[in-house]
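First to last, the protein sequences are chains A and B. Take 1 as the starting number for the first sequence in this note's numbering and just add one per residue. Take 1001 as the starting number for the second sequence in this note's numbering and just add one per residue.
Calculated from the structure, these hints are not laboratory results. Heads up, a few of these hints could be off.
[Stated by the list, open to error] Under the rule of at most 30 Å between Cα atoms (straight-line distance), these lysine-lysine pairs were calculated in the DSBU-like manner:
id, chain 1, residue 1, chain 2, residue 2
1, B, 1361, A, 30
2, B, 1579, A, 30
3, B, 1361, B, 1265
4, A, 30, B, 1265
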Amino acid sequence: MISLTVNGERHDIDADPEMPLLWALRDLIKLTGTKYGCGIAQCGACTIHINGQPARACVTPVSAAVGTEIRTIEGLSPDATHPVQQAWIELDVVQCGYCQSGQVMAAAALLEQNPSPTDADIDAAMNGNICRCGTYPRIRAAVKRAAELKRGGQPA
Amino acid sequence: MSAAETGGPGSKPNSGRRHFLIGIGVIAGGVAAGQLLRPYLVGGSEAAPKEFKPHAFVRIGADDRVTVIIGKSEMGQGVYIGLPMILAEELDVNPQRLAVEIAGIDPAFNHPFMPAQFTGGSMSVMTTYEALRRVGATARRMIVQAAATEWGVPAAELRTEDGVVFAPDGRSATYGKFVEAASALPVPAKESVALKNRADFRYIGKPQRRLDSRIKVNGAAQFGIDVDLPNMLVAVVARPPQFGATVRSFDASQAKAVRGVVDVKQVPSGVAVIAEHTWAAIKGREALRVEWQDGPGATLSTESLRAERRALLARTGLLAKNQGDAIAALGEARRKIDVEYELPYLAHACMEPLNAVAWVKNERCEMWMGTQGQSQDAQLVAAALGIPPANVQINTTFLGGGFGRRASGTSDFAVEAAHVAKGLNRPVKVVWTREDDTRGGYYRPFGLNRVQAAIGADGLPIAYFHRNVSKPVLANTALGSQMIPKDGLDPSTMEGSADMPYAIPNLRAEVHNTKETVPSLWWRSVGHSANGFVVNSVIDELANLAGQDPYRYRRALLAGKPRHLAVLDKAASAAGWGKSLPTGHFHGIALQESFNSIVAQVAEVSVVDKQVRVHRVTCAIDCGLAVNPDQVVAQMQSGIVYGLSAALTGEITIEAGAAVQSNFDTYPVLRLTETPAIDVHIVDSDGPLGGVGEPGTPPIAPAVCNAIHAATGQRIRRLPISASLA
């Protein structure tokens, strides 16, 4: 048995140590908000937080996640009210939506570390997350809007 | 009770209104409706007793909840707001209060062009607009009639606003109060129900926020790959390493030794490794040993395919268009070009790799997946299993991108899942890895084009002769049997060229169909994605030959077409065409009419050390009525990014009969830092409804390449640009 702490809850799973955290989250713990896109840390669809840092679940073996605090999109806020989620809704960022769990988690991690990111900061933090619907222009705007909201701005 | 709990796929398939439930809307209290995928109930017994349902598209509850049932697949294009708001306009309900339900297979949702449920061709709004309005207006009229009867007031004296009926004496009540009485009324003949005048629209034409944002930013939206059923297995399939190869033999002993692997079995498309979870299936497949039998395409390569095409380019092809006498005009002309344009195979590369869940039991099959073609899937799955089509149920989920890939003519991913599921007596989810998805074929065709064109004394074109060699796509799709005439001429091969809006007196188009083993398929904007590049590049070449400004040259060729001119002028003026740009920046322009919409784009580009940077794209569109303007903008942004990805680096090459590229490291797609600023302008129009999902894609490649020519003098005649500038 391997014990993982996900969104504050302990899960004991029967998995090989090398199983990517992505599949443990999706298939064993049944948290499917974290998406599979590439399996090789190229697309960012599986972005989660490990001890507050953005991480690619598809290349993180479960053994490496033991003893850490794992946060997935389901644990970002109880009711989609995290500033990043609010900004995403306000600006109608999503299209198909498949990559957006990863985008939101990457943006949330950025704002934790940097409450007022510049364009260059956003580039550096978000360039690993692919979106085939081309929501990038709105992602850029929404990260800035989320930063405003996080600093106390009022939701529109 | 769910289908799962009843012990098998639903026992009364296709019995009336049986809808798969994913409530995505936001109800009056601001609480998201049921967000999770639930196997639906048999026989519709779930319906609340007090509910008004005048049509398959809508129902109104005594609790005032208005649910719109949508038969189009949501793959990003916004049909779960664009279509509901059309119905809501006539019903007089704020679209933000709607719940949306994903329809099951039901003839009520068939495409008007064919007896099938199908989403594609940028046609969802244009083909359902009238029907949705009629249904909304009919439902409203019946509610109003019920209120009139109850209050003893003439119906004509009642008015409605956002789900409330008002009487002149001050009485008012919500729609929910009248659902029982309205249900007892006869449904009026649809011609007798008046529709609003456009000037009276409250919602259509004004931006409406998507209803699916919340569940797409908190992980709750269910895509096919997220489906989880009790006792479900997961499979991956070892498919041939070469298009057209087959299984000679396989050794499953090591695969079966992998912990979690349940079974290994041959299916028509390869060998399936079936396991308790995805990771075990992937590891099991790595341990599987398969001997493959070469097929007829074993030696195919991009080079051999190019040589085949080049040989065909020299010969007369199927005649797709013959206006005037282009050959004679070319013979007499003094100023002319004879050029070759090459476009590569392209994978759709949807963010969500292909997948499907199938459960086969007792001569029935129930499926859960993101698909663009439910009816065809059901038919082909039924044929594969030897059961009646009525015994196949398709439950549509959200699609993590479509772009045409989730509507292949063979329903490949659905049929394969059914084969894997056969005999298991358990649901199984077949997951394609990214590598499987990229290398699995069904590409935008590899096309080689020859264009001979000439200009007259005034510099304007007098002849255009376009020969296109590629593998046709419609033959492999649901529409093919209805659209391809006996001579084998696929109309999509020449769309956007043979029917270009630019006025050229002598126009000839010919086609050669190739038949290689690499499967071809429509890819966002179909023939326009290739022909829009060829035509708009050639027009630029001719403007250059004539020594004229490419924007003014296009104006001359669009004379007498006010809608086209307005779009072209808007893009040019908004971009500042002809005005000074930052040092090293250059403009290129293109215009393409596709799917009933006209789109022009101006790309601002710089080229430094053969590195192309697209700084800004200015886009103008006339799509007739823009139902949800902000989603029109979103689709232009989307189409531009998708097309720019392809133009810059998109290319599937073939070696030894197989695709070389496999994942995003070898098939790079556009990222945030490469994305230009994009300005979109919607041109007011009273033209017919046009699509928006695809028309944003065709102009971007030629606009960028024309700018590269302006910057460097180099004409890009082979995509991707990275291959030409290398």
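Unmet hints by their number, sorted upward, for this structure:
2
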